[in-house]
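**Q** Per my numbering, the sequence shown runs over residues 183 to 779.
Treat the hints with care, since some could be wrong.
[Said to hold, decoys possible] Within a straight-line C-alpha distance of at most 25 Å, the following computed BS3-like cross-link-like pairs (lysine-lysine) qualify: (1) Lys631 <-> Lys641; (2) Lys778 <-> Lys737; (3) Lys737 <-> Lys681; (4) Lys727 <-> Lys778; (5) Lys442 <-> Lys464; (6) Lys606 <-> Lys631; (7) Lys727 <-> Lys681; (8) Lys727 <-> Lys737; (9) Lys316 <-> Lys257; (10) Lys464 <-> Lys257; (11) Lys316 <-> Lys641; (12) Lys727 <-> Lys316.
Calculated directly from the structure, the hints in this document are not laboratory data.
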Amino acid sequence: MRKIAFPMVLSLSLLGWLALSAVAKDQAPAGSAESNFQRGFFLQVHEHDLPGAAAAYENVVSDSAAPPALRSQAKTRLVQIREDLASANFARLMPPNVLGYAELVQPGDHIARILNMMGLLGATEARADSAAQKPMALGNGLYLPADFSVSPALVAELKKIRGAAVGVTSLNDQGRPGGLAAIHPGDCDLLRGAIETAVQLLEPGEPIASFKTYRIPDVGWVMLTARLVFVSDSRDQLAAAAERLGNPRAESLASNDLFKRAAAESPNALFFAYVDGPQIVKRFGSQLHGPDADMIRGLLDLDHFESLVVALTTTEDGIRLRAEMNLMPGHHNLLYALIRTAPITKRSLSLVPQSAAGVLVVGLNPAGPAVPADAANPQGLSAMDLGREFFNNVEELAIFVLPPTSAGDGHQSMPEIGAVLAVKDPAKSEALWNQVLSLAALFGAHTNKAPSAIDIAGKPGRAYAFSGAPPIAVVRSDRELVIGTQGAVTAAIQTQGSKNSIADEKTSQLLRLMPDTSKALFLDVGRCVDIAASLSNGPDAQLLKAIGTVTRNLKVSVATDEAPNRLTVRAEVTGLPQFHDIVSLVNAQQEQRAAKK
183 MRKIAFPMVL SLSLLGWLAL SAVAKDQAPA GSAESNFQRG FFLQVHEHDL
233 PGAAAAYENV VSDSAAPPAL RSQAKTRLVQ IREDLASANF ARLMPPNVLG
283 YAELVQPGDH IARILNMMGL LGATEARADS AAQKPMALGN GLYLPADFSV
333 SPALVAELKK IRGAAVGVTS LNDQGRPGGL AAIHPGDCDL LRGAIETAVQ
383 LLEPGEPIAS FKTYRIPDVG WVMLTARLVF VSDSRDQLAA AAERLGNPRA
433 ESLASNDLFK RAAAESPNAL FFAYVDGPQI VKRFGSQLHG PDADMIRGLL
483 DLDHFESLVV ALTTTEDGIR LRAEMNLMPG HHNLLYALIR TAPITKRSLS
533 LVPQSAAGVL VVGLNPAGPA VPADAANPQG LSAMDLGREF FNNVEELAIF
583 VLPPTSAGDG HQSMPEIGAV LAVKDPAKSE ALWNQVLSLA ALFGAHTNKA
633 PSAIDIAGKP GRAYAFSGAP PIAVVRSDRE LVIGTQGAVT AAIQTQGSKN
683 SIADEKTSQL LRLMPDTSKA LFLDVGRCVD IAASLSNGPD AQLLKAIGTV
733 TRNLKVSVAT DEAPNRLTVR AEVTGLPQFH DIVSLVNAQQ EQRAAKK
């Protein structure tokens, strides 16, 4: 029995091992395919590594031993990834010759930044003081709590939306645009599902490259792909978009050199718009006729109009807007020539205190060598010197406003206002402005007070009296002339040579000055509101003081960069007020009004 049993057991073990080996061999490819699919899914959904996910899915699709259902899912996801890669740059989907183009990209990310700046995404503990306050009544049984916040779930869903873009290729006689629009719902299933559900109510059309199409009455056509929604007034535009979607080398707006340069200067923008100058002139230039057309061509030199660009973006601490007009080399745009001035050197800003509530700085003339001063015997003055002052002598002008030094009588509560002139010939400027103010005080001041000599921080000057207004002082400092109320002039003279000027490196970042910046405006909104409160009385003053507290960190800057072939207007807002502070302020005002009734 034992001799028989052993061979039988050995045989059965051998057969079992062979059977298990065969099963393992049959399942090995399937297991490898599942591993690749899981890796692709992880890279696609969690790591957002689309090229890596595509490679993993391609391995599954090419694996003939993989289960059919798994291969089908891999094919579907591979198509989605390829469309996501193709639409990473919306301009890749647009026709090459557009009149204008605009896109909205990753709106959820930018909205989240703005909400965070306003304290709407902050920790609950940070608003514990607000939670104890009464909610603000909105009417009809609705209330807004002081600790109101936006749900992270809503923000997370908004972040899933990739964005949208539109390219305008034509305008009909009624001004109606034609072209192509693309919408990418991203991973926002709610938006995608709403679109896919709504289009079923439209008249179906013939598919384009296997993509479903529908007719939109009085608009055109809509086409749904695996990840995108295209809308156009022309089926030909949809067919061309489908071809560009599947062919990365197809000619598109993204291959336009002018557009590529403009887009490269606006990375990560929430909103970006582009107008193609040559295309505009080509389409509509021939429609300009008559004397008005000749005047427009002479003023604007349309043949050298290259592009117009607008970009809106957010940072961790602010919102930025940039508008840019580009001209071709050799242009003769007279309108731009009239407004263009010399770049700012920041010489005048070295006398503007950091405590300024507002500053306007203008570059007027190119910087040049100083004219030797002869204070004892300045050159004679003539009526033409006033024109020479602005068109030759003054290199840069900075006008600033400081909060009142104290609250008291009418004069003391007025803000301090001053102007710093960075000049080539300070002696000539001093003599000229003293002459101008002397005449003004003599004929328009209605006062018997004669100009008086003053000394500010060791600098001699003169003060001029005017009825109903604080005296105006004129003091020369090195190559700068300071004119303004005595408090402003004193602050400016004391600021020069210190690290307390607005030209200080850290402070000047608020102005965002560039090498071609010719004009700039900076406002500390909180300080400006405080000044308005000092000029008001009663309830208005109290309200303005409360608003000043809420806007204490709010700052606004606007600047123009005026290069030979480019005009750029930049604006920035930082230090947005906290939302719960705004609610508390409004709530307090409502309670005050209710108490008076």
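**Q** Evaluate each hint against the coordinates.
**A** Hint check results:
1. Lys631 <-> Lys641: Holds, because 22 Å separates the two Cα atoms, which is no more than 25 Å.
2. Lys778 <-> Lys737: The given pair, whose Cα atoms are some 34 Å apart, is violated under the 25 Å limit.
3. Lys737 <-> Lys681: Satisfied, since the Cα-Cα distance of roughly 21 Å is no more than 25 Å.
4. Lys727 <-> Lys778: The hint holds at about 20 Å.
5. Lys442 <-> Lys464: holds, 20 Å
6. Lys606 <-> Lys631: This hinted pair is violated, its Cα atoms lying about 32 Å apart.
7. Lys727 <-> Lys681: Roughly 29 Å between the alpha carbons, so the hint for Lys727 and Lys681 is violated.
8. Lys727 <-> Lys737: holds, 17 Å
9. Lys316 <-> Lys257: With a Cα-Cα distance of about 56 Å, the restraint between Lys316 and Lys257 is violated, given a limit of 25 Å.
10. Lys464 <-> Lys257: violated, 44 Å
11. Lys316 <-> Lys641: At roughly 57 Å apart (the allowed maximum being 25 Å), Lys641 and Lys316 break the hint.
12. Lys727 <-> Lys316: holds, 22 Å
Figure legend: structure checked against the earlier numbered hints; hints not met, in rising order: 2, 6, 7, 9, 10, 11.
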